[in-house]
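The opening residue of the sequence shown carries number 21 in this note's numbering; numbering runs sequentially from there.
Errors might be hidden in some of the hints.
What follows is a list of derived Cβ distance ranges for each label pair [as the list claims (entries may be wrong)]:
| hint | residue 1 | residue 2 | range |
| --- | --- | --- | --- |
| 1 | G22 | Q87 | 44 to 50 Å |
| 2 | E90 | E52 | 16 to 22 Å |
| 3 | A47 | H103 | 27 to 33 Å |
| 4 | Y43 | A80 | 21 to 27 Å |
Rather than coming from a laboratory, the hints here were simulated on the basis of the structure.
Glycine included, each C-beta is placed from N, C-alpha and C at the ideal position.
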Amino acid sequence: AGLNVILAARDVTAAETLRQQSYFKDAIRVQELDLADLDSVRQCAAALDGETIDILLNNAGVMALPQREETEQGFERQLGVNHI
21 AGLNVILAAR DVTAAETLRQ QSYFKDAIRV QELDLADLDS VRQCAAALDG
71 ETIDILLNNA GVMALPQREE TEQGFERQLG VNHI
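Go ahead and model the full structure; you've got the sequences and the hints to work with.
Now the structure itself:
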């Protein structure tokens with residue numbers, strides 16, 4: 021048993037810095053994930069290799085972009101990042 025955390029982040033360097041500052045750093049694994057790129061989502065899922073996820077906390081999103089932007093796959097960025 022115990023604590024196992026996957027810190028999925030677009031900026032792996034920043035996530036690793038955060039992991040190093042954590043009291044539970046040995047229980048945290050940094051995994052690259054860019055929600056604006058479905059290929060990145062697939063790669064992250066493949067890296068989990070069937071691991072069970074008991075709790076999923078989402079703390080990312082895009083809102084009120086000043087101009088239209090698109091994801092790598094051509095979806096409107098807010099829709100692609102927040103919902104797809």
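Hint by hint, here is what the structure shows:
no.: 1; hint: G22 with Q87: 44 to 50 Å; in the structure: 46 Å, holds
no.: 2; hint: E90 with E52: 16 to 22 Å; in the structure: 21 Å, holds
no.: 3; hint: A47 with H103: 27 to 33 Å; in the structure: 30 Å, holds
no.: 4; hint: Y43 with A80: 21 to 27 Å; in the structure: 23 Å, holds
This entry satisfies every hint, going by the numbered hints stated previously.
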